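Please build the complex by placing chain B on the supplied structure of chain A, with the hints as guidance.
Protein chains in written order, with the numbering used here: chain A, 1 to 148; chain B, 149 to 296.
In case anyone wonders, no lab produced these hints; they're calculated from the structure.
Be a bit skeptical, because a hint or two may be false.
Claimed, not checked - A few chain A positions that, by computed beta-carbon distances, are all more than 12 Å from chain B: (1) Ile5; (2) Asp11; (3) Ala27; (4) Pro103.
What the hints assert, rightly or not - Straight-line alpha carbon distances no greater than 20 Å define the calculated EDC-like cross-link-like pairs of lysine to aspartate or glutamate that follow: (5) Lys223(B) - Asp159(B); (6) Lys223(B) - Glu36(A); (7) Lys75(A) - Glu166(B); (8) Lys223(B) - Asp35(A); (9) Lys223(B) - Asp183(B); (10) Lys75(A) - Asp35(A); (11) Lys223(B) - Glu166(B); (12) Lys75(A) - Asp11(A); (13) Lys223(B) - Glu34(A); (14) Lys75(A) - Glu200(B); (15) Lys75(A) - Glu182(B); (16) Lys75(A) - Asp185(B); (17) Lys75(A) - Glu184(B); (18) Lys223(B) - Asp37(A); (19) Lys223(B) - Glu21(A); (20) Lys75(A) - Glu21(A).
All values derive from a computational prediction rather than experimental measurement.
Ideal Cβ positions, reconstructed from N, Cα and C, are used throughout, including at glycine.
Number of protein chains: 2
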Amino acid sequence: MSTRIFPTAQDAENAFYEALERASLDAMMQVWSEDEDIICVHPTGQRLAGQEQVREGWRQMFAGGSGLRVQVTQKVTVAGMMVAVHSVNENITVPGERRARPPVVATNVYLRTAAGWRMVVHHASPSPGSTTVEQAPVVPPTGPKILH
Amino acid sequence: MSTRIFPTAQDAENAFYEALERASLDAMMQVWSEDEDIICVHPTGQRLAGQEQVREGWRQMFAGGSGLRVQVTQKVTVAGMMVAVHSVNENITVPGERRARPPVVATNVYLRTAAGWRMVVHHASPSPGSTTVEQAPVVPPTGPKILH
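Chain A on its own, in the form it takes in the complex (with noise of 0.2 Å):
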C-alpha cells in the first residue's frame, strides 16, 4: 500500500472526507497517524482508541456501503506548527431519504508526523433538532436536560 503525503492538514482532512463519501477503509487508514495514540468517536459510539480499534470501527462502518455526501460547514480550526484541530459541522446526505439529517458536530485533530499531517482524532456526535444547518441558528441548549 502506497503512503499518501498531506502537506496540510487541511489536505489531510480533504482526503478524510473524500475516503469517507467512497467508504474505502485503505483510503481512510493513510490519513490517520500509524501511531497508536489515536482516538475515534462516532456518533453515539463508545471512544475508540489505537489503531485496531479504530480501523475495525471504519471497517463495520463501511460494510454498510458508500454513497454518503458529507458538507462541511462553519469550521473553525486552531492551528499551531505541529497540531491543527478543526471543528466542523458535517452535513451528511445519504442516498434515499428525503429529508436531511441535523448535522453532525466534528472535533479533528491533525498531527504533523515525519509522513506528513495524519489524523489523530476524530470525535463525532450528533447535534440535535434542526434539519439543515445552514438555517439552524446556533443557540444555547435549554431546559434542565443538560449534565455534562
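Relative to chain A, chain B alone:
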C-alpha cells in the same frame, strides 16, 4: 475579576474540572481563551461558538447547582508547543444517584496564549452502554446503527 495564569495545558484542565465540580461560572470562564474562536459541545447538545454562547451554556448548566464529581480516566494526550489536545473519559457521579452513569467522552483542546494555556474546544458526548468505564472494555461498535 483577576486573571488566572495556567503554565501548562494540564493546569488549565485541572481548573476546568474544578470549575465544573464547583459549578462556578467565573472559574469556568477563566479557563477559556478570550478569543471568539472557541467551541463547546455539551453531551447531546448543539455546537456553541464564541464567548456569549459558551458562557450561556455553562450558566444554564450551573443553574442546576453543584455537586457533580468528575473522575477523568484513560487520557490520551497530543501536545505541541502551542496546542495541546486531551482525549478523556469523564466518569461523573451525581448526588443522589446510586448507579454510575456511562462515561462521557471528551476532547479538550488548549492553546498557549499570551495569558498562559487556555481552553479553546470542549467537545463532550455520552458513550453508550457500560455502567462504569473502568470495568467496561472499549469495544468496536456493532450492528448497522453506525452512520457517520
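Straight-line alpha-carbon gap lysine 75(A) to glutamate 182(B), limit 20 Å: Judged against 20 Å, a Cα distance of about 19 Å means the pair holds.
Are lysine 223(B) and aspartate 183(B) close enough, with their CA atoms no more than 20 Å apart? Status violated; Cα separation ~26 Å.
Starting from lysine 223(B), check that the Cα of aspartate 35(A) is at most 20 Å away, please. Holds: lysine 223(B) and aspartate 35(A) sit about 15 Å apart, inside 20 Å.
Agreement of lysine 75(A) and glutamate 184(B) with the hint, judged by alpha carbon distance not exceeding 20 Å: holds, 13 Å
When you look at the beta carbon of alanine 27(A), is every beta carbon of chain B farther off than 12 Å? holds, 14 Å
Assess, step by step, whether the Cα of lysine 223(B) is no farther than 20 Å from the Cα of glutamate 21(A), and give holds or violated. violated, 30 Å
If you draw a straight line from the CA of lysine 75(A) to the CA of glutamate 166(B), is it 20 Å or shorter? Cα-Cα ~29 Å, so violated.
Check the hint pairing lysine 75(A) with aspartate 35(A) against an upper bound of 20 Å on the C-alpha distance. violated, 26 Å
When you check the alpha-carbon spacing of lysine 223(B) and glutamate 166(B), does it fall within 20 Å? Holds. Lysine 223(B) to glutamate 166(B) sits at ~17 Å (cutoff 20 Å).
Against the 20 Å threshold, does the CA-CA distance of lysine 75(A) and aspartate 185(B) hold or violate the hint? This hinted pair holds, its Cα atoms lying about 10 Å apart.
Below or equal to 20 Å on CA atoms is what counts here, so check lysine 223(B) against glutamate 36(A). OK: lysine 223(B) and glutamate 36(A) at ~13 Å, within 20 Å.
Against chain B, does proline 103(A) hold up as non-interface, every C-beta pair farther apart than 12 Å? It is violated; proline 103(A) is separated from chain B by about 8 Å at its closest Cβ, not greater than 12 Å.
Comparing the model with each earlier hint shows violations of hints 4, 7, 9, 10, 19; every other hint is respected.
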